[in-house]
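Those protein sequences? They're chains Y and B, same order as listed. Last residue of the first sequence: 313 in our numbering, with the numbers rising by one and none dropped. Last residue of the second sequence: 652 in our numbering, with the numbers rising by one and none dropped.
Think of the hints as simulated: they come from the structure by calculation, not from any bench. Among the hints, a few may not be true.
Stated by the list, open to error - Quick list of simulated restraints, FRET-style, between CB atoms:
| # | chain 1 | residue 1 | chain 2 | residue 2 | range |
| --- | --- | --- | --- | --- | --- |
| 1 | Y | ASN133 | B | PRO458 | 36 to 42 Å |
| 2 | Y | SER91 | B | ARG558 | 54 to 60 Å |
| 3 | Y | GLY275 | B | ASN353 | 29 to 35 Å |
| 4 | B | PRO458 | Y | TRP134 | 52 to 58 Å |
To be verified - Far from chain Y by the CB rule (all over 10 Å, computed), these chain B residues:
| # | residue |
| --- | --- |
| 5 | ILE334 |
| 6 | LEU342 |
| 7 | MET406 |
| 8 | VAL409 |
| 9 | HIS415 |
| 10 | PRO416 |
| 11 | GLU418 |
| 12 | PHE470 |
| 13 | LEU473 |
| 14 | LEU528 |
| 15 | THR571 |
| 16 | SER625 |
| 17 | ASP640 |
Note that beta-carbon positions come from the ideal geometry of N, C-alpha and C, so glycine has one too.
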Amino acid sequence: MLWYVARRILYSIPILIGVTLFTFLLFFVSVTPQQMARHNLSARNPKPAQIKAWVKQHGYDKPKVVQFVDYTKSLFTFQFGKSDATGQDISDRLRHGILPSTELGVIMFTASLITNVFFAVYFAYYRGTYVDNWGRLLCVVVMSITTPVFIIAGQYIFGIILKLWPIAGYHIGMTSWKFVFLPALIGVISGFGGSVRLYRTFILEEINQDYVRTARAKGVPEGRTLFLHVLKNAAIPFITSIVLSIPFLITGSLLYESFFGIPGIGNITVEAVQGQDFATIRAVTFFYTILYVIGAIMTDIAYAAADPRIRLE
Amino acid sequence: MTMILSDIIPIAIVGLFLFVIIRAGREPLWEEAYRRLGSNRQTMAAIVVMSLFIAIGILDSITVSVSNSGKPQTIVDVMFRGIPQERTYSEPMGTVTVGEPHPHELKHKHIFGTDGVGRDVFYNMLKGCRTAIIIGCLTQLIAMPVALVLGMLAGYFGKLTDDLIQYAYTVLDSIPGVLLLIVIITVLSLKGQERGLLQICTALGVTSWVQLCRLVRGETLKHRDRDYVRAARALGVSHGRILLRHILPNLLPILIITATLGVSGNIISETILTYLGVGVPPDIGSWGNMIDSARMELARQPVIWWNFSVASLAVLILVLCINIFGDALRDAVDPRLRS
Numbered sequence: 001m002l003w004y005v006a007r008r009i010l011y012s013i014p015i016l017i018g019v020t021l022f023t024f025l026l027f028f029v030s031v032t033p034q035q036m037a038r039h040n041l042s043a044r045n046p047k048p049a050q051i052k053a054w055v056k057q058h059g060y061d062k063p064k065v066v067q068f069v070d071y072t073k074s075l076f077t078f079q080f081g082k083s084d085a086t087g088q089d090i091s092d093r094l095r096h097g098i099l100p101s102t103e104l105g106v107i108m109f110t111a112s113l114i115t116n117v118f119f120a121v122y123f124a125y126y127r128g129t130y131v132d133n134w135g136r137l138l139c140v141v142v143m144s145i146t147t148p149v150f151i152i153a154g155q156y157i158f159g160i161i162l163k164l165w166p167i168a169g170y171h172i173g174m175t176s177w178k179f180v181f182l183p184a185l186i187g188v189i190s191g192f193g194g195s196v197r198l199y200r201t202f203i204l205e206e207i208n209q210d211y212v213r214t215a216r217a218k219g220v221p222e223g224r225t226l227f228l229h230v231l232k233n234a235a236i237p238f239i240t241s242i243v244l245s246i247p248f249l250i251t252g253s254l255l256y257e258s259f260f261g262i263p264g265i266g267n268i269t270v271e272a273v274q275g276q277d278f279a280t281i282r283a284v285t286f287f288y289t290i291l292y293v294i295g296a297i298m299t300d301i302a303y304a305a306a307d308p309r310i311r312l313e
Numbered sequence: 314m315t316m317i318l319s320d321i322i323p324i325a326i327v328g329l330f331l332f333v334i335i336r337a338g339r340e341p342l343w344e345e346a347y348r349r350l351g352s353n354r355q356t357m358a359a360i361v362v363m364s365l366f367i368a369i370g371i372l373d374s375i376t377v378s379v380s381n382s383g384k385p386q387t388i389v390d391v392m393f394r395g396i397p398q399e400r401t402y403s404e405p406m407g408t409v410t411v412g413e414p415h416p417h418e419l420k421h422k423h424i425f426g427t428d429g430v431g432r433d434v435f436y437n438m439l440k441g442c443r444t445a446i447i448i449g450c451l452t453q454l455i456a457m458p459v460a461l462v463l464g465m466l467a468g469y470f471g472k473l474t475d476d477l478i479q480y481a482y483t484v485l486d487s488i489p490g491v492l493l494l495i496v497i498i499t500v501l502s503l504k505g506q507e508r509g510l511l512q513i514c515t516a517l518g519v520t521s522w523v524q525l526c527r528l529v530r531g532e533t534l535k536h537r538d539r540d541y542v543r544a545a546r547a548l549g550v551s552h553g554r555i556l557l558r559h560i561l562p563n564l565l566p567i568l569i570i571t572a573t574l575g576v577s578g579n580i581i582s583e584t585i586l587t588y589l590g591v592g593v594p595p596d597i598g599s600w601g602n603m604i605d606s607a608r609m610e611l612a613r614q615p616v617i618w619w620n621f622s623v624a625s626l627a628v629l630i631l632v633l634c635i636n637i638f639g640d641a642l643r644d645a646v647d648p649r650l651r652s
């Protein structure tokens with residue numbers, strides 16, 4: 001198992017280098033340093049000499065290979081440098097953003113998973129009846145509504161009309177749940193459709209197997225059969241789809257954090273996009289990619305744990 | 314020139330799709346599938362509504378005259394010529410403006426009210442159809458050929474070709490989708506290109522070909538070792554011919570279904586991108602822009618709810634119909650894939 005994990009981690013290094021190369025090509029090769037300089041100096045209506053100085057100051061006049069090595073080195077050592085817009089240290093900002101982001105992400109993820117699995121089992125159990133039919137229709141409808149609509153409507157209903165939770169903001173400490181609850185609730189609702197529909201099919205694949213009939217015949221309670229026996233056997237597709245949902249979690253963090261004023265990494269990203277702060281965008285892209293790659297490694301480990309045959313491949 | 318191009322693109326897209334549908338109808342598999350689709354009332358309703366949206370998009374793509382200010386006028390513009398612009402917000406079917414200290418009498422009735430600068434909300438909603446259709450379909454047209462060629466090469470030849478292509482899409486896939494979109498759109502804007510529909514479609518195409526490619530590769534891999542392919546190879550048929558004449562037709566059903574369902578994903582992505590500030594520019598009417606402007610409107614007193622509701626409903630209805638249609642198509646073409 002340890003060997004498997006080590007090998008899996010080694011595999012991800014070329015991927016990270018590939019991502020670095022790709023962003024390098026986009027930001028340093030497809031865009032000329034002059035265009036970059038003009039953009040950053042645009043407010044001051046730059047003269048050719050100023051542009052030259054800017055290019056030299058930021059090291060864009062060096063050969064591309066040297067630039068790439070420098071760029072890679074700075075990313076892999078987490079020395080992201082200073083923000084183009086505000087001049088703040090990017091690593092420092094990211095460090096402050098981790099806690100709120102993690103809090104929101106973990107709560108939203110766990111709550112969604114529990115809700116979705118529960119409803120999937122429920123619909124699968126009542127398959128073919130009106131509960132299932134209406135449930136599936138509900139799923140398609142929820143899938144067809146975009147997240148901004150959920151956010152705006154949710155904030156309006158729960159925040160402005162019912163006044164249950166604060167609309168936006170964040171407080172580090174014990175009271176932070178109040179600020180995270182509403183975005184998490186809206187996140188659960190907006191992610192409901194697609195996942196429930198998918199999980200339902202996984203469970204349907206298993207629910208007619210012989211071992212389920214055996215369990216029922218020997219008198220295992222229905223809940224135990226469904227949630228223990230069936231879920232365990234449907235583990236592999238579940239793991240896959242849960243990992244596939246990680247990017248949506250990141251999308252979510254961008255939307256929810258910026259809209260609910262939670263000072264996490266998603267919020268930093270949106271601010272960077274709106275302020276055209278390329279240094280921060282590059283740093284955040286790399287940061288999220290690492291998160292994603294770690295997620296992928298963990299999936300494969302989970303696969304190996306769920307099905308020992310995978311390790312031998 | 315750009316005017317003609319912007320007219321031709323949506324018409325060409327819809328024409329191409331119609332051509333595919335009619336051409337596919339000659340195949341026995343699809344003929345059977347169409348018959349099954351026709352017997353399902355829910356699906357037929359979805360198709361009718363979809364066609365309505367598409368028809369509006371087409372009408373909005375035919376320029377018939379030029380306004381006094383030199384802007385091209387499409388058929389939809391001409392149809393709304395009689396409806397004047399008001400001063401500011403007004404309620405659906407209202408008679409006076411809203412949000413002014415002294416409400417003014419409206420010049421005309423507006424079925425869904427007016428927005429902040431007094432434009433008819435119903436008209437704005439109709440203008441969004443064309444944007445949604447272009448973003449939904451053009452993206453697929455950019456992504457599909459790339460995904461198809463690379464996926465088939467990777468699946469069929471295996472070895473080094475497979476490794477390289479797999480590496481390329483794994484790298485792209487490791488960057489979370491929204492960020493990749495943001496990065497590509499900002500870089501395109503850095504290069505001095507104005508942010509427009511084509512840039513957004515390109516960015517969406519770059520991010521969405523990966524899934525299609527993975528699917529095509531997997532399917533090709535499955536077909537490569539089937540008896541019919543081996544037989545063709547034993548007869549000395551060239552690789553190109555095997556791929557085009559033998560494997561490709563077997564991939565088409567699943568590809569068309571996935572692409573159809575992808576259209577609805579693209580329409581949703583447009584609203585998210587616009588909301589994040591890298592989407593359709595405000596001068597092009599889009600549902601994303603309408604939803605985005607609602608952030609402020611719902612917090613006002615009195616509440617401006619109609620702009621938000623109309624745009625959300627438009628997205629909901631179109632995406633829902635595409636989803637229902639895609640699901641029904643999948644069930645009709647291959648009952649084994651039934652969800």
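Results of checking the hints against the structure:
no.	hint	verdict
1	Y:ASN133 to B:PRO458: 36 to 42 Å	38 Å, holds
2	Y:SER91 to B:ARG558: 54 to 60 Å	56 Å, holds
3	Y:GLY275 to B:ASN353: 29 to 35 Å	50 Å, violated
4	B:PRO458 to Y:TRP134: 52 to 58 Å	40 Å, violated
5	ILE334	22 Å, holds
6	LEU342	23 Å, holds
7	MET406	22 Å, holds
8	VAL409	24 Å, holds
9	HIS415	26 Å, holds
10	PRO416	24 Å, holds
11	GLU418	30 Å, holds
12	PHE470	21 Å, holds
13	LEU473	15 Å, holds
14	LEU528	13 Å, holds
15	THR571	15 Å, holds
16	SER625	4 Å, violated
17	ASP640	7 Å, violated
The structure fails to meet hints 3, 4, 16, 17 from the earlier list, while all remaining hints are met.
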